[in-house]
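Quick note, the sequences are listed as chains B and F, same order.
Be aware that the first sequence starts at 113, since it is given in the working numbering, and climbs by one per residue.
Be aware that the second sequence starts at 73, since it is given in the working numbering, and climbs by one per residue.
Rather than coming from a laboratory, the hints here were simulated on the basis of the structure.
Any given hint might turn out to be false.
Here are the simulated lysine-lysine pairs, DSSO-like style, with alpha carbons at most 30 angstroms apart [unchecked claim]:
1. F/Lys463 <-> F/Lys285
2. B/Lys271 <-> F/Lys285
3. F/Lys478 <-> B/Lys273
4. B/Lys271 <-> F/Lys478
5. F/Lys285 <-> B/Lys273
6. F/Lys212 <-> B/Lys297
7. F/Lys407 <-> B/Lys271
8. B/Lys297 <-> B/Lys273
9. F/Lys508 <-> B/Lys397
Examples of chain F residues lying across from chain B (beta carbon under 7 angstroms, computed) [what the hints assert, rightly or not]:
10. Ala143
11. Glu148
12. Ala159
13. Ser164
14. Gln176
15. Ala179
16. Phe181
17. Glu188
18. Val194
19. Pro351
20. Asn354
21. Gly357
22. Asn361
A virtual CB, placed ideally from N, CA and C, is assigned to each residue, including glycine.
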Amino acid sequence: MDLFIAIFTGTIIAATPLIFAALGELVVEKSGVLNLGIEGMMLVGAAVGVWVSYAGLPMPLAIMSAAAAGALASLLFGVLALTFLTNQYAAGLSLTIFGTGVSAVIGKGFGSAPIDALIPLEIPFLTEIPVIGPLFFNYDPLVYFSFIMFGLISWFLYKTKAGLVVRTIGESPESSHAIGYPVIKIRYLAVMFGGAMAGLGGAYLSLAYTPLWVENMTAGKGWISLALVVFAAWRPARILFGAWLFGSMTILQLQGQALGISLPSEVLSSLPYIATIVVLVVISKNWQFLALNFPTSLAKPFRPAE
Amino acid sequence: MPSFREIQEELPNVLETNMTPRLELRHICKRYPGVIANDDVSLSIMPGEIHAVLGENGAGKSTLMKIIYGAIRADEGEMVFDGNPIASHGPSVSRALGIEMVYQHFALFESVSVVENIALSVSGKFDLTVLANRVRDVSKKYGLPIDPHRFVYNLSVGERQRVEIVRCLMQKPKLLILDEPTSVLTPQAVIKLFETLRQLAAEGCSILYISHKLDEVQVLCDSATVLRNGLITGTAKPKQSTPIELARMMVGADLPETHLDPSTTSDTPFLNVNHLTAPSDNPFGISLNDVLLSVFGGEVVGIAGVSGNGQAELISFLSGEVLFKGADTITLGGKDVGQLDAGYRREQGLAFVPEERLGRGAVPPHHLSDNAMLTGHRLGMVKNWMIQRGKANDFAAQIIRKFNVKTTGYESAANSLSGGNLQKFIVGREIELGPKVLIISQPTWGVDVGAAAFIRQALIDLSRTGAAVLIISEELDELFEVCDRLYVICQGQLSKSLDRKNTNVEEVGLLMTGLNNNSNSDNSKAV
């Protein structure tokens, strides 16, 4: 039972940074913008989070600074891709490179100094329930916040007018402009929201998951988040399941020995990636579902007619 | 709903009692690099008036309407609405004033429902249930049946237009702009649309009706402004003018005519489609259902139909862009080609002119010589893997000369040519290949009258030399002008063959709506 609880909670925790980053990217892509800079923004968020925490400021401030830093970094992409209509792939890639570099520079200040970690919340009564308590009520606040964000984003995209506007801009910025919506402004907001969420994902890694700063500590999680959005066919609930799938693979790989799996560690550590590819291939067969949810204008530069 | 006669009687009163024009344009100018879209355009429209803006493709009509709606800005000139001058404005300001516009290419979103589409342009609380009821009310009042909860990708083009119009009517507009609204409608649907528009005008709404179709303007409109090359060339009361007078203002010359000589056809079909059934796995696509089609050498055959009824799917099977996995379904000169690609089919004597000139018919930034070589390379322009530049240039020059393409030479880029001239070049290129079968989609879409007549005559002449010509077009007038036989496509089904001499616009129109197809689906679907 303890092993099951360890795998279950481990999965939830490992999935959290992916959920933040992928949900943010979902909103960005739904508005028709492809930001390949998630990895960079996560790193910036992770480094800034540790920096603020290392400076002795309270944890909530560290988390908010990480989100703000992610949003600020995304603005760089926004200016290139939305104002100057640079190729979005190139702008996103350069943001990743930029973010990797900047986060390393920030990290120079405190090396691998240990910091106070974000600790699980003690919820009266609930946490103490046997099995249920450790399974569901023994997480740090950011885990719960990721679920709140999931609910908020699903509600926003599919139940509010603003969400409808975001989705329709992603389908046709030309038509949205024609009926009078400020396409560029809304895309900027979406991009910055995505940046803030990636920053949170990064902060989760450096403040909760492994509470210290290591250069390049995201180790490809930004790219997995990007793949998750596609694998989820641009639906929020599928992102959640996808993140759990990757999380469980990561934990299984770590717990492989305890479970008595005698596969070479190289094979185990490649499992999450292999799973992505397989699932991607399977999911892309459903043409109809994809066509309905795919933001048609994705990565296409848009300039309003004059 | 008041009867048609009552509306006609009410109309003069509306015009007399309210003397402030609903909209006045004064000296509007709009320049783009290399072209003046609108040059000193002024017009005025009264409440309840239906005013036509007539002009050929490229005359500047759409630009003018977008300026009124605020989607683009004029360089000079002023606009007065209900007596108040309007400074520079965007679409949201226009909508607040009561100006609504139905675009020629609709501004609808495919992946969301009808009511969500409408919610995007309606202010107020975001409550889709309440809004859906309002949509039902408006659509009932104006006889425009739509189901608010259907997804737009499921709707036919005619239904989409209804959604656009209902979307405008939800705002109780004072001025409704319609840009070429009938180009996607069957003749019967046009009559219904005109009833709706007259009802609106009777309620005091002014209507700006953009068109290049003289007969429609004469039936519907109280007054007309004619544009040519961005300039006003005249104003008229269409009901009191003759089509010839209007055409002269619009074209600057008399309308050219085409000559359809009697044909002698081959014994066996050059192109044959035998029970082609192809389900579409794309929700935005159309499934083809048991298509039977044959085109003989020496004749021009047309496929009529509202676009989006399976034309694109059928064409891609015929051209070889999509292969058909089935034996003896598509034959070219008696040979089964269903599983052979476009290049092979071209070697067998097939030529093809797609609907999209830039990007599919020609590579936009490349010069005409390169573009001529795209399909002409089989005529000895490539030798030992090397391009014979001289031969390619000669071929391009020959097309330019024979087809009267207005350009500075074969070194001009394809996208520097006007629509009509580029179309002449592409059609010329395919005809010069000496094809046995020519398939051409929307041959004169967006082409000026002179070039359109030239292209139509070239197609007839090609068939009279023994080739089989298949035209897919939305323009019924065009098909009746050039075709020996006609088919009608509706919801992926092709009608039986109709002899042009023994059919008429009404019969073809009914087939376009699927009413004669004996299908059990909702009849309104295709209207």
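Do the hints match the structure? See the list:
no.	hint	result
1	F/Lys463 <-> F/Lys285	violated (42 angstroms)
2	B/Lys271 <-> F/Lys285	violated (43 angstroms)
3	F/Lys478 <-> B/Lys273	violated (50 angstroms)
4	B/Lys271 <-> F/Lys478	violated (54 angstroms)
5	F/Lys285 <-> B/Lys273	violated (39 angstroms)
6	F/Lys212 <-> B/Lys297	violated (37 angstroms)
7	F/Lys407 <-> B/Lys271	violated (56 angstroms)
8	B/Lys297 <-> B/Lys273	holds (16 angstroms)
9	F/Lys508 <-> B/Lys397	violated (39 angstroms)
10	Ala143	holds (6 angstroms)
11	Glu148	violated (15 angstroms)
12	Ala159	violated (16 angstroms)
13	Ser164	holds (4 angstroms)
14	Gln176	violated (11 angstroms)
15	Ala179	holds (4 angstroms)
16	Phe181	holds (4 angstroms)
17	Glu188	holds (6 angstroms)
18	Val194	violated (10 angstroms)
19	Pro351	violated (12 angstroms)
20	Asn354	holds (6 angstroms)
21	Gly357	violated (9 angstroms)
22	Asn361	violated (19 angstroms)
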